[in-house]
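Colleague: Heads up: the sequence lines are chains G and Y, in that order. Quick note: the first sequence, position 64, residue 76 per this note's numbering, numbers continuous. Quick note: the second sequence, position 89, residue 101 per this note's numbering, numbers continuous.
Be aware that one or more of the hints could be misleading.
Which copy is meant is left open, because identical chains are indistinguishable; a pair holds if it fits in one copy or across any two.
Unchecked claim - With a straight-line Cα cutoff of 35 Å, these simulated DSBU-like cross-link-like pairs (lysine-lysine) come out:
1. K62 x K17
2. K91 x K17
3. K85 x K172
4. K62 x K172
5. K133 x K122
6. K172 x K150
7. K133 x K118
8. K91 x K172
9. K122 x K172
10. K133 x K62
11. K118 x K172
12. K122 x K85
13. K73 x K122
14. K172 x K87
15. K150 x K73
16. K118 x K85
FYI, nobody ran anything at the bench for these hints, they're computed from the structure.
Number of protein chains: 2
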Amino acid sequence: MKTLKISEAVVRRLPLYLRYLNNLQIINVRTVSSQQLGEALDLNPAQIRKDLACFGEFGRKGIGYEVDYLIGKIKSILKLDQPINVVLIGAGHLGHAISNYTVYLKDNMKIVAILDNDPGKIGHITAGISIEPLDHLKEIVEARGIRVGIITVPAEAAQKVCDLLVDAGIHAILNFAPTNLRVPDDVRVHHTDFTMELHSLSYYL
Amino acid sequence: MKTLKISEAVVRRLPLYLRYLNNLQIINVRTVSSQQLGEALDLNPAQIRKDLACFGEFGRKGIGYEVDYLIGKIKSILKLDQPINVVLIGAGHLGHAISNYTVYLKDNMKIVAILDNDPGKIGHITAGISIEPLDHLKEIVEARGIRVGIITVPAEAAQKVCDLLVDAGIHAILNFAPTNLRVPDDVRVHHTDFTMELHSLSYYL
DNA sequence: TAGATTGTTAATCGATTAACAATC
DNA sequence: TAGATTGTTAATCGATTAACAATC
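Can you make the complete structure from the sequences, with help from the hints?
Modeller: If you want it as structure tokens, here you go:
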């Protein structure tokens with residue numbers, strides 16, 4: 013085990029492992045080898061072993077990895093073993109879709125607030141949550157112990173919303189708006205932009 | 013210029029350049045240097061020059077890149093200079109959000125069909141498009157010259173839908189379902205999974 | 001001309017893969 | 001025990017960055 017420096021590439025693969033392991037658990041598979049994982053996920057077995065070895069010795073030589081145990085370990089590495097409250101800003105079509113989606117996750121990550129600055133939307137119920145005014149962001153974040161923000165506002169508004177999130181003490185942001193966000197060094201932003209995915213896909217036609 | 017082998021990483025950055033160049037064009041900026049681009053996009057200027065040089069000599073020494081010209085070139089590389097018809101399968105919340113979103117793109121990429129296998133949804137209008145039965149996929153793809161498919165069905169149904177797309181002659185698929193897809197070598201799949209983004213984001217808390 | 005900036009080569013850095021001793 | 005599979009070191013591969021001649 014080395015706590016030296018975990019690369020982003022490794023961290024990005026952990027949820028992939030977790031997802032597949034959850035599938036194995038459902039069909040009562042007890043153990044799995046890096047070989048099997050690699051085949052299922054199109055990855056090199058050595059890479060999988062190396063990834064996991066960054067965090068400890070989770071496997072048994074000659075046997076493989078115990079599914080339940082490995083799920084627990086990965087969840088703990090990803091901090092998914094504790095409740096993580098999320099605020100979503102922007103109650104448009106995409107925000108609506110995402111909040112409905114997360115309802116089905118039996119995760120510890122949960123959207124506990126949906127905010128918008130359109131007075132016409134306040135009070136409406138989406139995915140069982142009442143839409144609240146953006147003005148109340150800071151109080152809501154503090155009162156509910158929110159640690160993650162999701163931005164689903166139009167590109168023009170994204171940087172402003174981002175600044176508000178940072179100001180409210182949020183250090184982890186998932187941005188769906190098609191724009192680069194400027195944040196302090198201690199804030200982490202992940203982007204999801206399906207138009208960029210479509211455009212790069214187009215190259216391979 | 014080298015037509016040798018363009019890495020995925022390069023292709024993924026092209027839409028990023030394009031997006032920023034479009035912004036520059038709107039505010040009437042005529043030329044831009046790799047230095048400026050790098051600052052705006054948090055990339056190394058040398059990397060940007062190298063990326064672009066994969067496809068030709070688009071800049072002028074001492075001057076930089078002409079915005080209009082570079083936009084044209086990148087669009088052409090990404091094949092966005094020609095109309096690309098897209099079919100979206102799965103008229104749930106997410107499909108709804110995406111189809112509405114693309115309406116606003118002044119792209120050549122356009123969703124020209126939305127399919128679902130729920131009889132109750134057939135004929136409903138989403139983003140100006142009438143939802144059609146999944147059964148008609150092959151005919152619709154052929155009749156409308158569709159070349160890209162977007163999958164927004166639940167994970168359980170994704171592989172089956174993917175197989176149908178491949179069978180219909182689609183070679184480029186954007187998958188939103190949280191599952192790995194098996195496709196022949198000549199089919200390209202890009203994944204967008206925001207739960208995986210959320211999970212990897214959680215690591216950095 | 002002098003200053004700026006490209007395209008490209010060489011150097012560096014990091015990530016992936018192969019190989020194998022350890023051991024279940 | 002024999003076969004399987006890990007954890008880890010070493011080798012390879014590829015991507016990023018630095019440096020600079022060419023030139024606008």
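Colleague: All hints are to be evaluated individually against the structure, with a verdict given for each.
Modeller: Right, here's what the structure says about each hint:
1. For the homomeric pair K62 and K17, the shortest alpha-carbon distances inside one copy (13 Å) and between copies (28 Å) are both at most 35 Å.
2. In this assembly of identical chains, K91 and K17 lie within 35 Å of each other by CA distance solely inside one copy; the values are 17 Å within and 39 Å between copies.
3. Proximity of K85 and K172 under a CA criterion of 35 Å is satisfied inter-copy only: 32 Å between copies versus 37 Å inside one chain copy.
4. In this assembly of identical chains, the alpha carbons of K62 and K172 lie at most 35 Å apart only when taken from different copies (33 Å versus 40 Å within one copy).
5. Taking the closest pair of Cα atoms, K133 and K122 come within 35 Å of each other both inside a single copy (21 Å) and across two copies (29 Å).
6. Taking CA atoms no more than 35 Å apart as the test, K172 paired with K150 passes inside one copy only; the shortest distance there is 14 Å, against 45 Å between copies.
7. Proximity of K133 to K118 under the C-alpha cut-off of 35 Å is found in both arrangements, the shortest distances being 28 Å within a copy and 28 Å between copies.
8. For the homomeric pair K91 and K172, the shortest alpha-carbon distances inside one copy (28 Å) and between copies (33 Å) are both at most 35 Å.
9. In the homo-oligomer, the alpha carbons of K122 and K172 lie at most 35 Å apart both inside one protomer (24 Å) and across protomers (30 Å), since each shortest distance falls under that limit.
10. In this assembly of identical chains, K133 and K62 lie within 35 Å of each other by CA distance neither inside one copy nor across copies; the values are 48 Å within and 47 Å between.
11. For the homomeric pair K118 and K172, the shortest alpha-carbon distances inside one copy (32 Å) and between copies (25 Å) are both at most 35 Å.
12. For the homomeric pair K122 and K85, the shortest alpha-carbon distance inside one copy (20 Å) is at most 35 Å, but the shortest distance between copies (43 Å) is not.
13. Proximity of K73 and K122 under a CA criterion of 35 Å is satisfied in neither setting, with 37 Å inside one chain copy and 52 Å between copies.
14. With identical chains, the CA atoms of K172 and K87 are at most 35 Å apart both within one copy (32 Å) and between copies (30 Å).
15. In the homo-oligomer, the alpha carbons of K150 and K73 never lie at most 35 Å apart, since the shortest distance is 50 Å inside one protomer and 49 Å across protomers.
16. For the identical chains of this complex, K118 and K85 are intra-copy neighbours only, at 17 Å inside a copy versus 46 Å across copies, given an alpha-carbon limit of 35 Å.
Violated hints for the displayed structure, listed by number in ascending order: 10, 13, 15.
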